[in-house]
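Chains as they are written, first to last, in this note's numbering: chain A, 1 to 388; chain B, 1001 to 1113.
Hints were generated in silico from the structure; no laboratory data involved. Treat the hints with caution; some may be incorrect.
Stated by the list, open to error - In silico lysine to aspartate or glutamate, EDC-like type, Cα no more than 16 Å apart, as pairs: (1) Lys140(A) - Glu16(A); (2) Lys142(A) - Asp1081(B); (3) Lys141(A) - Asp1081(B); (4) Lys1087(B) - Asp1030(B); (5) Lys142(A) - Glu1100(B).
Claimed, not checked - The following label-pair restraints were derived from C-beta to C-beta distances: (6) Leu1104(B) - Val24(A): 50 to 56 Å; (7) Arg339(A) - Val1109(B): 45 to 51 Å; (8) Arg57(A) - Met1022(B): 20 to 26 Å; (9) Arg336(A) - Ala1011(B): 25 to 31 Å; (10) Ala56(A) - Val1110(B): 34 to 40 Å.
A virtual CB, placed ideally from N, CA and C, is assigned to each residue, including glycine.
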Amino acid sequence: MLATTVRLTRDLDTAEECVQDAYVAALRAWARTGVPPRPGAWLTVAARRNALTALARQRTLRAKLPLLLEPEAVQLPEPAGDVIPDDRLRLVFICCHPALAAEAQVALTLRLVCGVSTADIAHACLVSEPTLAARLTRAKKKITAARIRYVVPGPDDLPARLDAVLTVVHLLSTMGHTAPSGDALTRVDLADRALDLARLLHALLPAEPEVAGLLALLLVHQARRDTRVDAAGQLARLADQDRSAWDHAMITDADRLVVAALRSGSAGRFALQAAIAALHAQAPSYADTDWPQIRLLYDALLRVWPSPVAALNRAVVVAMTDGPAAALAEVEELERDGRLASYRYLPATRADLLRRLGRPAEAADAYRVALALTTNSAERAYLIAQLD
Amino acid sequence: MPQYAVLIYEAVPADELPPDVMAAHGALPDRVAEAGGRIVAGLALREPATATVIRGGLLTDGPFIETKEALAGVFVLAADDLDHALKLAALTPIVAGGVEVRPLLGFEVVAAG
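Chain A extracted, bound-state conformation:
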């Protein structure tokens, strides 16, 4: 409903007010007359009516103060051959515009697309509610002042813009996957929201392989969610997780999406990450995982996305295909690179490799470095246990 109203008002704040006023009017009216047969439609009509009134008021204001306000921009027609996209898609693209700070994109998407309350978003982003409210206000102000258009990007811009959207959704899911601090390893609500968003995007953009890739990746994470922490709340490593507790139907769904995405020929970083996750998820055991194939997928991933985090994950695979010494060499090169200086999984990986190579004192040092960078209690408990 918000998305449809924004199309009229072209201003997110005004649209939100219209929607809220519609709800208030509904509460009053329905208390007298009962809930109408189609409450959604009633609310949408009410919100649009509010929007049209607001627009008329603004036009009158502009007519009276021509020197202060810019003349209204010419409404450009939709590009030819465009199927009218869902308003929710326009809303997602405007919330995830690269001109907005990444933290603002996350907050706006949660607020306007997912409808999460400001208080809950603040909690998830580990900031105070006034800080988050200010973040939202600043972002909305920038959208209006700099005139970010409420439109689905054209075909030339779509790949880059879509990557920005998928990055935000993925960030939401990783925020849910591992809480930066606090006692629970997973923050379930955010992961659910991210998965819903990925499903929505796939429904709206069924032909985009990267969207399918992201959905597949999140499905695999979801399928394995119950086994990330054992019954005692301790972190369980992939090698130790009870694979029978994974949702294999979901993994099969993910695999179907991955295969289609890879076949499309334009698989990018999300489809490739999904392919890696799906291979892990389909292996009957850690030992029986197709490590060489996963290494090949990482090679392909690094070609399209030269991320040091992906390189680190590839080194973990190299330990399985070429032994821990070869992997240690790669990890040490990543340390010299410096980009992962505050990334706790780098010293943690090094520690694990040193332990496997029978160098316990150096391993202990590396575990301590990792511990200093880790705030999540479940992860800390795991590292402390390794030190003993």
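Keeping the supplied structure of chain A fixed, place chain B upon it in accordance with the hints.
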């Protein structure tokens, strides 16, 4: 069309810019026009060492903020919206630095008396 300021930040001083870069700056208004925008005005600034700062009534040798990439120029761009303005601003030839694109509250040329 809404208007934006494009602030050009360059680490290389203006008199040291290679001739092809200078030529590209000269060709910018036409390239912008071809892409559906319009350069309304442009300012080329002399190097930061020539600046003087007035702050709290005191005069000091400039610039206001000492940066490696110095403010070298500003131009006013008319574009349809931010995405259009960004595409046009990206046409600016830059050797070592970047551009800042900021929407204008207003722009006025005051005619000489």
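Verification of the supplied hints:
{"no.": "1", "hint": "Lys140(A) - Glu16(A)", "in the structure": "holds (11 Å)"}
{"no.": "2", "hint": "Lys142(A) - Asp1081(B)", "in the structure": "holds (12 Å)"}
{"no.": "3", "hint": "Lys141(A) - Asp1081(B)", "in the structure": "holds (15 Å)"}
{"no.": "4", "hint": "Lys1087(B) - Asp1030(B)", "in the structure": "holds (14 Å)"}
{"no.": "5", "hint": "Lys142(A) - Glu1100(B)", "in the structure": "holds (14 Å)"}
{"no.": "6", "hint": "Leu1104(B) - Val24(A): 50 to 56 Å", "in the structure": "violated (38 Å)"}
{"no.": "7", "hint": "Arg339(A) - Val1109(B): 45 to 51 Å", "in the structure": "holds (48 Å)"}
{"no.": "8", "hint": "Arg57(A) - Met1022(B): 20 to 26 Å", "in the structure": "violated (51 Å)"}
{"no.": "9", "hint": "Arg336(A) - Ala1011(B): 25 to 31 Å", "in the structure": "holds (27 Å)"}
{"no.": "10", "hint": "Ala56(A) - Val1110(B): 34 to 40 Å", "in the structure": "holds (36 Å)"}
When the structure is compared with the earlier hints, violations turn up for hints 6 and 8 and for no others.
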